[in-house]
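Okay, here's what each chain looks like letter by letter:
Protein chains: 2
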Amino acid sequence: MVNIAILGYGTVGSGVVEVLGTNQASINKKAGKEIHIKYVLDLREFPGDPIEGKLVHDYEIIINDPEVDIVVEVMGGVMPAYTFVKRALEAGKSVCTSNKELVAAYGSELLALARSKSINFLFEASCGGGIPIIRPLNSSLTADEIDEITGILNGTTNYILTKMSGEGSGFETVLKEAQDKGYAERNPEADVEGYDACRKIAILSSLAFGRSVDYHDIYTEGISKITTTDIAYAKKMGSAIKLLASSKKVDSSFYAMVAPFLVTDEHPLYSVNGVFNAIFVHGNVLGDIMFYGSGAGKLPTASAVVSDVVDAAKHLHVNIMSFWSSKKLTLTDISNARGRFFVRVKGDREAVIKIAEQVFGRVDQIKVDGVEGETGFLTGILSEAEYREKAESFPDIISMIRVQR
Amino acid sequence: MVNIAILGYGTVGSGVVEVLGTNQASINKKAGKEIHIKYVLDLREFPGDPIEGKLVHDYEIIINDPEVDIVVEVMGGVMPAYTFVKRALEAGKSVCTSNKELVAAYGSELLALARSKSINFLFEASCGGGIPIIRPLNSSLTADEIDEITGILNGTTNYILTKMSGEGSGFETVLKEAQDKGYAERNPEADVEGYDACRKIAILSSLAFGRSVDYHDIYTEGISKITTTDIAYAKKMGSAIKLLASSKKVDSSFYAMVAPFLVTDEHPLYSVNGVFNAIFVHGNVLGDIMFYGSGAGKLPTASAVVSDVVDAAKHLHVNIMSFWSSKKLTLTDISNARGRFFVRVKGDREAVIKIAEQVFGRVDQIKVDGVEGETGFLTGILSEAEYREKAESFPDIISMIRVQR
Numbered sequence: 001m002v003n004i005a006i007l008g009y010g011t012v013g014s015g016v017v018e019v020l021g022t023n024q025a026s027i028n029k030k031a032g033k034e035i036h037i038k039y040v041l042d043l044r045e046f047p048g049d050p051i052e053g054k055l056v057h058d059y060e061i062i063i064n065d066p067e068v069d070i071v072v073e074v075m076g077g078v079m080p081a082y083t084f085v086k087r088a089l090e091a092g093k094s095v096c097t098s099n100k101e102l103v104a105a106y107g108s109e110l111l112a113l114a115r116s117k118s119i120n121f122l123f124e125a126s127c128g129g130g131i132p133i134i135r136p137l138n139s140s141l142t143a144d145e146i147d148e149i150t151g152i153l154n155g156t157t158n159y160i161l162t163k164m165s166g167e168g169s170g171f172e173t174v175l176k177e178a179q180d181k182g183y184a185e186r187n188p189e190a191d192v193e194g195y196d197a198c199r200k201i202a203i204l205s206s207l208a209f210g211r212s213v214d215y216h217d218i219y220t221e222g223i224s225k226i227t228t229t230d231i232a233y234a235k236k237m238g239s240a241i242k243l244l245a246s247s248k249k250v251d252s253s254f255y256a257m258v259a260p261f262l263v264t265d266e267h268p269l270y271s272v273n274g275v276f277n278a279i280f281v282h283g284n285v286l287g288d289i290m291f292y293g294s295g296a297g298k299l300p301t302a303s304a305v306v307s308d309v310v311d312a313a314k315h316l317h318v319n320i321m322s323f324w325s326s327k328k329l330t331l332t333d334i335s336n337a338r339g340r341f342f343v344r345v346k347g348d349r350e351a352v353i354k355i356a357e358q359v360f361g362r363v364d365q366i367k368v369d370g371v372e373g374e375t376g377f378l379t380g381i382l383s384e385a386e387y388r389e390k391a392e393s394f395p396d397i398i399s400m401i402r403v404q405r
Numbered sequence: 001m002v003n004i005a006i007l008g009y010g011t012v013g014s015g016v017v018e019v020l021g022t023n024q025a026s027i028n029k030k031a032g033k034e035i036h037i038k039y040v041l042d043l044r045e046f047p048g049d050p051i052e053g054k055l056v057h058d059y060e061i062i063i064n065d066p067e068v069d070i071v072v073e074v075m076g077g078v079m080p081a082y083t084f085v086k087r088a089l090e091a092g093k094s095v096c097t098s099n100k101e102l103v104a105a106y107g108s109e110l111l112a113l114a115r116s117k118s119i120n121f122l123f124e125a126s127c128g129g130g131i132p133i134i135r136p137l138n139s140s141l142t143a144d145e146i147d148e149i150t151g152i153l154n155g156t157t158n159y160i161l162t163k164m165s166g167e168g169s170g171f172e173t174v175l176k177e178a179q180d181k182g183y184a185e186r187n188p189e190a191d192v193e194g195y196d197a198c199r200k201i202a203i204l205s206s207l208a209f210g211r212s213v214d215y216h217d218i219y220t221e222g223i224s225k226i227t228t229t230d231i232a233y234a235k236k237m238g239s240a241i242k243l244l245a246s247s248k249k250v251d252s253s254f255y256a257m258v259a260p261f262l263v264t265d266e267h268p269l270y271s272v273n274g275v276f277n278a279i280f281v282h283g284n285v286l287g288d289i290m291f292y293g294s295g296a297g298k299l300p301t302a303s304a305v306v307s308d309v310v311d312a313a314k315h316l317h318v319n320i321m322s323f324w325s326s327k328k329l330t331l332t333d334i335s336n337a338r339g340r341f342f343v344r345v346k347g348d349r350e351a352v353i354k355i356a357e358q359v360f361g362r363v364d365q366i367k368v369d370g371v372e373g374e375t376g377f378l379t380g381i382l383s384e385a386e387y388r389e390k391a392e393s394f395p396d397i398i399s400m401i402r403v404q405r
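Protein chains in written order, with this note's numbering: chain Y, 1 to 405; chain S, 1 to 405.
A couple of the hints might just be wrong.
Given that identical chains are not distinguished, each listed pair holds provided it fits within a single copy or across any two copies.
Unchecked claim - BS3-like, lysine-lysine: derived pairs with alpha carbons at most 25 Å apart:
| id | residue 1 | residue 2 |
| --- | --- | --- |
| 1 | 29 | 314 |
| 2 | 314 | 117 |
| 3 | 327 | 235 |
| 4 | 327 | 33 |
| 5 | 38 | 314 |
| 6 | 248 | 86 |
| 7 | 236 | 314 |
| 8 | 225 | 117 |
| 9 | 298 | 54 |
| 10 | 86 | 328 |
| 11 | 163 | 235 |
| 12 | 248 | 29 |
| 13 | 117 | 86 |
It should be emphasised that the hints constitute simulated quantities derived from the structure, not laboratory data.
Throw the hints in and build the complete structure from the sequences for me.
Structure representation (structure tokens):
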């Protein structure tokens with residue numbers, strides 16, 4: 001029997017209890033032993049709840065119980081999660097977490113600590129919810145040098161963009177609708193400004209490239225400025241606007257970025273809609289692969305956490321996760337990132353295109369019925385730095401959206 | 001150092017040599033030891049080839065060399081692959097294979113043999129080429145009861161259907177073109193009649209459901225009868241025709257089928273085009289996930305084989321694969337499988353629809369410009385048995401295509 005303690009009885013925590021209950025027999029079979037919830041830690045009381053008898057308010061009870069083999073941290077936030085997780089690992093207890101803030105901030109330290117104790121620090125649920133991506137990166141894509149990871153890693157923003165595209169409603173309207181449905185938080189900043197996706201791509205990049213990517217270094221732009229006119233232009237180009245979190249290795253340098261991108265219908269990420277997430281990976285021998293699924297939600301996230309619990313139970317005293325070095329991966333300034341840019345400029349078409357051709361060389365003009373008083377065009381391939389310099393020739397740029405290559 | 005022997009220096013075998021060479025440093029790092037090719041077995045000579053010095057023609061040299069830890073079987077076909085693999089496992093050597101015929105025919109026996117020797121029989125490359133699916137099914141989706149696996153598992157047929165749809169050319173024309181490009185075999189039967197996809201879904205189902213699925217029991221229909229008119233109807237319905245290999249658990253029974261299906265643009269498999277493959281999985285708590293990538297090709301397939309070699313090298317004397325029982329999984333006759341059916345019947349529209357409404361109840365008539373002398377309609381949801389019985393009312397059915405639910 002393997003005893004586990006669950007820290008936090010919120011959405012994911014109660015999902016973990018539910019999944020372990022629903023699929024008890026098959027989970028125990030796959031783990032090769034019985035998984036038993038010994039404690040649930042939460043400050044609140046849950047009278048009448050099935051876990052009532054396991055509820056504790058004091059972490060000391062868990063940390064001091066030598067029978068607890070695995071700690072499941074599903075509280076979220078950096079503190080006190082970091083303290084709790086570190087103490088658990090120091091006490092020789094493996095940890096499974098869904099906490100992206102924690103992993104993005106302290107992943108390399110906690111992985112190294114787990115390794116030094118021959119136990120495990122697992123975090124499948126921290127990126128892409130129920131989508132298996134951490135374990136495949138760790139143990140399936142081992143024949144490849146990964147040179148690109150690009151994901152739709154935030155369900156809230158993908159839901160908003162999909163709805164804006166489908167219904168023609170504006171950002172604020174759809175955001176409010178998403179909040180009413182519980183798909184977006186009351187304070188939506190972490191999602192809509194790209195901070196959530198930024199932490200996730202930092203984790204995935206650290207794992208794929210083997211060195212710590214500091215999420216503070218990642219250029220991050222959200223979707224709050226995307227308008228229905230931008231979406232009309234995108235459709236005209238046979239593209240969709242998606243918030244992409246991307247990191248790429250170009251020659252021997254790395255860069256990472258979170259921003260809205262135009263994705264053509266030839267790209268597998270194009271048709272990832274609603275609250276779904278997907279992670280596109282390019283390996284130097286494997287080529288393109290993509291993992292698709294529910295990026296959030298109680299049960300999908302809990303499923304990923306429980307798959308970690310099974311793996312931790314199967315490997316109680318064997319470290320199985322790749323290590324990423326605490327050495328920092330220096331990201332290149334995105335100035336060197338190259339691609340096409342879609343630009344909307346205020347003013348008369350002929351005049352704008354004339355200047356555009358002077359500064360950018362050939363451009364493709366995009367016309368949308370009913371959109372007047374402005375001009376939209378696609379540049380050729382150039383670097384961010386080149387774009388910024390050339391864009392100074394236009395006093396009135398309405399918006400610029402990058403094109404996914 | 002881990003010594004490996006590669007059986008077969010054809011497309012995949014030479015790909016394995018290439019991948020191990022290209023990514024040598026990172027592969028050795030991930031394996032935690034140096035992976036060294038000691039032998040390559042092939043009946044042919046390869047004068048001047050870098051592996052010339054490792055080439056042997058006699059399997060006895062490999063089987064009798066105690067330094068060989070891992071045998072990589074990439075010859076294809078059941079014989080003599082089965083004999084070679086069985087002898088390797090009996091001699092305590094782990095085996096990594098890309099051979100779907102072998103795994104579909106002898107998977108449970110070889111898995112049990114590997115387990116009894118505390119070594120590994122791994123076959124990531126046997127299904128979906130470079131797409132990680134075997135390992136995720138084995139070690140990621142462990143919190144779930146899988147109740148559906150539906151895949152586009154054959155790149156040749158998906159290429160043909162995509163081309164027919166894009167160019168409006170007929171099956172024979174596109175097949176010839178695919179043969180000329182090397183995407184289809186001179187004898188295309190195994191691909192176009194669905195036999196290849198059938199073996200792959202048998203393997204995936206055995207793994208997901210834990211008991212041996214005999215591929216002979218799987219209802220299998222190919223794409224050779226699909227016409228451009230069928231595709232025109234599909235487009236009219238906002239759907240694509242895809243050769244799907246599917247197995248589902250319904251209540252406590254299981255059924256499996258390979259057949260062309262109409263897939264609507266709401267389904268993630270809809271936009272899987274060309275030679276790409278994808279595997280859609282539904283778990284009872286996880287919901288929908290999909291794995292997408294190159295289903296064939298020298299380097300993607302070799303990448304999957306080498307990921308198995310890395311895993312085998314990391315676990316030289318620890319069995320890591322789930323076992324599927326040699327007990328047979330009895331598949332229910334597909335008579336009970338339920339869904340909608342798209343039917344084309346010769347004859348006058350009014351007359352056909354009148355009969356259709358009599359036998360099927362409400363039907364949706366589908367009209368395609370320029371298609372005359374026949375009538376296409378969609379039935380409601382009914383079982384295969386009900387469909388077959390009711391379809392007898394029509395003497396002149398041109399074609400029937402199932403609709404993916």
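- Item | Violated hints, by number in ascending order, as checked against the structure | 3, 6, 7 and 8
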